[in-house]
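Spelled out, the chains give:
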Amino acid sequence: MLKMQNISKVYRTDLVQTHALRDFSLEVAEGEFVAVTGPSGSGKTTFLNIAGLLEDFDGGSYLLDGEDVSNLNDNQRSKIRNAKIGFIFQGFNLIPDLNLWDNVDVPLRYRGFSAAERSKRIKEALEMVGLGSRMKHLPSQLSGGQQQRVAIARALAGTPRLIMADEPTGNLDSLMARQVMELLENINEQGTTIIMVTHDPELARRAHRNVHVMDGQVTDFTEFERAANKRERDALGG
Amino acid sequence: MFAYYLRLALLSIRRNPVLSGLMMAAIAVGIGAFMTMLSVHHFMSGNPIWWKNDVLYAVGVDTWNPNETYYQSRPELPPQQLTYRDAKALQASDIPTYKAYMFNVVGVFQPENEEIAPFIERGRMTFNDFFAMFDVPFEYGGAWGEQADRRDEFVVVLSREINDKLFGGENSVGKRVVIDGREFMVTGVLKEWHPAPKFYDVTTGAFQEPEAFYLPAQLYETLQPDRSGNTNCWKPENLDSFQAFNNSECTWIQYWVQLDTREQQQRYADFLHAYLQEQASVGRSARPDQYLMATPEEWLEINEVVADDNRVLVGLSFLFLIVCLLNTVGLLLAKFLGRAGDISVRRALGASRLDIFRQQLIECGFIGLLGGIAGLGLAGVGLMVVRKMYRFEGSSMMDGEMILVAFITAVLASIAAGLWPAWQICRVPPAGYLKTQ
Amino acid sequence: MEIRPILSAMLRSKTGPVLIALQIAITLAIVVNSAFIINQRLEHMHRLTGMDHENLVFARSYGFGPNHDTLATIREDIDALLAMPGVRNAAYISGIPLSGSGSNSGFLPHPPEGENDPDSTNANYYNGDHRLAEALGLKIIEGRWFHPEEIEFDPTDTSYGAMPKVVVVTRAWADAAFGEGEPVVDRLVYDSIGRSARIIGVIEHMQGAWVNWDELDQVIILGNISAAHSVITYAINVEPGQKETRRSRRSCRRSTATAWCSACARTRTTSPAATTPTAR
Ligand SMILES: Nc1ncnc2c1ncn2[C@@H]1O[C@H](COP(=O)(O)OP(=O)(O)O)[C@@H](O)[C@H]1O
Ligand SMILES: [Mg+2]
Chain A
31 MLKMQNISKV
41 YRTDLVQTHA
51 LRDFSLEVAE
61 GEFVAVTGPS
71 GSGKTTFLNI
81 AGLLEDFDGG
91 SYLLDGEDVS
101 NLNDNQRSKI
111 RNAKIGFIFQ
121 GFNLIPDLNL
131 WDNVDVPLRY
141 RGFSAAERSK
151 RIKEALEMVG
161 LGSRMKHLPS
171 QLSGGQQQRV
181 AIARALAGTP
191 RLIMADEPTG
201 NLDSLMARQV
211 MELLENINEQ
221 GTTIIMVTHD
231 PELARRAHRN
241 VHVMDGQVTD
251 FTEFERAANK
261 RERDALGG
Chain B
122 MFAYYLRLAL
132 LSIRRNPVLS
142 GLMMAAIAVG
152 IGAFMTMLSV
162 HHFMSGNPIW
172 WKNDVLYAVG
182 VDTWNPNETY
192 YQSRPELPPQ
202 QLTYRDAKAL
212 QASDIPTYKA
222 YMFNVVGVFQ
232 PENEEIAPFI
242 ERGRMTFNDF
252 FAMFDVPFEY
262 GGAWGEQADR
272 RDEFVVVLSR
282 EINDKLFGGE
292 NSVGKRVVID
302 GREFMVTGVL
312 KEWHPAPKFY
322 DVTTGAFQEP
332 EAFYLPAQLY
342 ETLQPDRSGN
352 TNCWKPENLD
362 SFQAFNNSEC
372 TWIQYWVQLD
382 TREQQQRYAD
392 FLHAYLQEQA
402 SVGRSARPDQ
412 YLMATPEEWL
422 EINEVVADDN
432 RVLVGLSFLF
442 LIVCLLNTVG
452 LLLAKFLGRA
462 GDISVRRALG
472 ASRLDIFRQQ
482 LIECGFIGLL
492 GGIAGLGLAG
502 VGLMVVRKMY
512 RFEGSSMMDG
522 EMILVAFITA
532 VLASIAAGLW
542 PAWQICRVPP
552 AGYLKTQ
Chain C
364 MEIRPILSAM
374 LRSKTGPVLI
384 ALQIAITLAI
394 VVNSAFIINQ
404 RLEHMHRLTG
414 MDHENLVFAR
424 SYGFGPNHDT
434 LATIREDIDA
444 LLAMPGVRNA
454 AYISGIPLSG
464 SGSNSGFLPH
474 PPEGENDPDS
484 TNANYYNGDH
494 RLAEALGLKI
504 IEGRWFHPEE
514 IEFDPTDTSY
524 GAMPKVVVVT
534 RAWADAAFGE
544 GEPVVDRLVY
554 DSIGRSARII
564 GVIEHMQGAW
574 VNWDELDQVI
584 ILGNISAAHS
594 VITYAINVEP
604 GQKETRRSRR
614 SCRRSTATAW
624 CSACARTRTT
634 SPAATTPTAR
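If you read the protein sequences in the order shown, they are chains A, B and C.
The first sequence finishes on residue 268 if you use this note's numbering, and the numbering steps up by one all the way, no holes.
The second sequence finishes on residue 558 if you use this note's numbering, and the numbering steps up by one all the way, no holes.
The third sequence finishes on residue 643 if you use this note's numbering, and the numbering steps up by one all the way, no holes.
Just so you know, the hints here were simulated from the structure itself, not pulled from any lab data.
Please note: incorrect hints may appear among the correct ones.
[Unchecked claim] Restraint-style ranges between C-beta atoms, simulated for each label pair:
(1) ALA392/C to GLU425/B: 24 to 34 angstroms
(2) LYS33/A to THR390/C: 54 to 64 angstroms
(3) ILE400/C to SER362/B: 19 to 29 angstroms
(4) ALA435/C to GLU236/B: 55 to 65 angstroms
[Stated by the list, open to error] From the derived model, a few chain B residues whose C-beta atoms are all more than 12 angstroms from chain A:
(5) LEU132
(6) ASN137
(7) VAL176
(8) ASN186
(9) PRO196
(10) PHE259
(11) ASP463
(12) SER465
(13) LEU470
(14) SER473
We put the CB at the ideal spot given by N, CA and C, even for glycine.
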């Protein structure tokens, strides 16, 4: 599904250069559920942004779904984001003056679906996250957990092959976090590849595989099967 | 997608009522000022007989002062009007399809109805051809018969307004009216007719209302009416009687002909040239090469119907519109910057730069449209003021064409104002403004 | 929606100052140009008119019908006007100053030599009667105004500017025709065909009909009543504050920069005067 080799990313601000990623290599197979962990500032978000074609990278190679993306123009990247990738952000990033229906509608609009198709997908997606009855509500009328579910519905509505979630539970209490996690697991069971950044070791453990990032590099893989045997060590991945 | 963008524009306006309101106000004020001036200009520079512009000609012949041309700045032009002698001589030519000299008079109407006090009106003495030549529309009846142009017949054509006043708007053809103590029979009543500028006689104000009544010029010597137009004399001569004045070199008559073919036009030019040569040969002051055949458009230009001031004001108001637009650019930048988060999300979810650019421009156009509507209202008020100031009467100055121009200007202007801000905003990197909290 | 942080952000960006500079530059251009136009207008408006505009009303009557008697009409109309409360004075004049409609001709300080005597000096001229100076509020700086018996009327002479025996001129015309500061009282003025009249007085200022004309201040008032027009104009001087009331009593409209004008058509036989706007 996704193959990164020796990716590097440098942020240059006036005087400082930050190597957000260096020699970053990672492969994710179709249908996998990968949890990315690592300390703050280690480059997790940068990795997700690059993987999700939201940002360019400076060196290395990246194949997404078998396609080399380094030479795509902005328009082509937008199309791929729209059709193949669903994003879930820590801060929800719903559009405040659109109601739930219209928020979920956003990626579908750019996809060029017919009105009927959009309508069907929006309903299904919102029902799946349990908000089918609140389609006319504005995001501000919902709790944080509900908002994140709307964001998930928005990510799902276009039936992407890959979902990128950047600390999707970071702003939620543990109960809500678990609900969101269950949703993601359901989605994954239906075949969608999921890459999730998280700080929560318990949630990370529920993924197939953990990837630990440190100083812009993958330092450790923890296969799901092995995780059960090495709990102590996983606890470090905060 | 257009409808979707329009809905987004509405939402965005609702979300930012203050900024959006300021933008609309800026556009409205700019469009209001610009459209006011442009409408005045459009009104002044109109050609109310454009469909006959290639066949109608104002005629001038130069029998002016041998030592001095009529116009100092344009010595090649003959005087604006004709002498009575010249007008009568030109009227004898049978080359034109239609031909008519004409001038302003005043007359007092004494209505039969004793309740209505006598009142003064301006009238025009001319020929039967006047009405056909200028496509003057009739409500009732028509022009007087041709014979009234050759021998005295006391007949009159009334304007619609005066017919309303005298006969309550009824068909008055065949009825009698008393003007200056004499009875005239009505042969026709005009429809509403307000050519602006009043191209056929600009001497007493190019935007004056047309006359209230029309009499055959044939009656001039019989009636000896009070003339109310512009009279210009150069020659020291005794003018102490009606006869003396008519034989003088004073110019006071407008002359128009219709020449349908090139051949007619050429022959008429030759005729004017020959006429002037003949006048010079009998010892009259005449410049044989100085005759004029001006189309209505040329005539309005020669007579500087559109004041230079007006052109300057159009320019200034356009600059003002630009200042308003620069304000709008600033406001739009502010508004779009405030929306960077949303745009970032849309970009992340798959909107291309072009999608975002379009969305912003449609919003600008929409704001421009609303601003344009308000601007039209302001222009309406502005025109009312202008009308009072310049005393333009009759026809409305804001026609459909101008309203269309106003909307197009408003929308294009605000789209233009939006180009830079929209370009800025669509370059927002997709990941740049995503909220992390 | 918080505007302030956004505005301050905008000011910090590069575009903000550029926008503001452009606006200032264009606004300046507009202001300078407008100021120039306004200044031109003000110059026109501030020229001394020499007349008592505050309290002046003009009225017109149009004589018609076979038995019309111009002199009798004028006498009766003026008597009637003087009898009206609030009217201080009323006089005959042939046209309304600054109205855009009037007469102008060349006059000379000596008999004309040939058709194009270069000494011919343009003057806006009016016909006026013995009350006109007071009615208009003109200031006589040399000589005197007309006596009643000097005002002539020849109904058979329908020429414009038929020469009377006596005229009054403005200092501006006297300066232009005779030379700066020349005494002109009792000297003769000639029209273009050589008829002459005696100058009996000089007024400080008065104006012709056309606001934008350079020679607006060169005026001659002829001491006679013209038979060239059937329209008779009256200059009416009302008591302060009466102008508005006078105006509202008749159907009048603003006709010049400063004067109100009403008009009425009347005959000798039917007396109720109709009021209509003046034909220009
Ligand atoms: N837009 C940016 N400009 C400059 N530096 C950045 C930018 N984004 C991230 N960084 C820096 O890159 C490094 C990695 O950041 P990030 O990927 O956000 O880490 P994480 O998500 O793991 O906390 C950090 O040092 C961060 O300060
Ligand atoms: Mg992060």
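Evaluated hints:
no.: 1; hint: ALA392/C to GLU425/B: 24 to 34 angstroms; in the structure: holds, 25 angstroms
no.: 2; hint: LYS33/A to THR390/C: 54 to 64 angstroms; in the structure: holds, 60 angstroms
no.: 3; hint: ILE400/C to SER362/B: 19 to 29 angstroms; in the structure: violated, 47 angstroms
no.: 4; hint: ALA435/C to GLU236/B: 55 to 65 angstroms; in the structure: violated, 27 angstroms
no.: 5; hint: LEU132; in the structure: violated, 5 angstroms
no.: 6; hint: ASN137; in the structure: violated, 10 angstroms
no.: 7; hint: VAL176; in the structure: holds, 57 angstroms
no.: 8; hint: ASN186; in the structure: holds, 76 angstroms
no.: 9; hint: PRO196; in the structure: holds, 66 angstroms
no.: 10; hint: PHE259; in the structure: holds, 58 angstroms
no.: 11; hint: ASP463; in the structure: violated, 5 angstroms
no.: 12; hint: SER465; in the structure: violated, 8 angstroms
no.: 13; hint: LEU470; in the structure: violated, 4 angstroms
no.: 14; hint: SER473; in the structure: violated, 4 angstroms
Hints 3, 4, 5, 6, 11, 12, 13 and 14, counting from the list given before, are not met by this structure.
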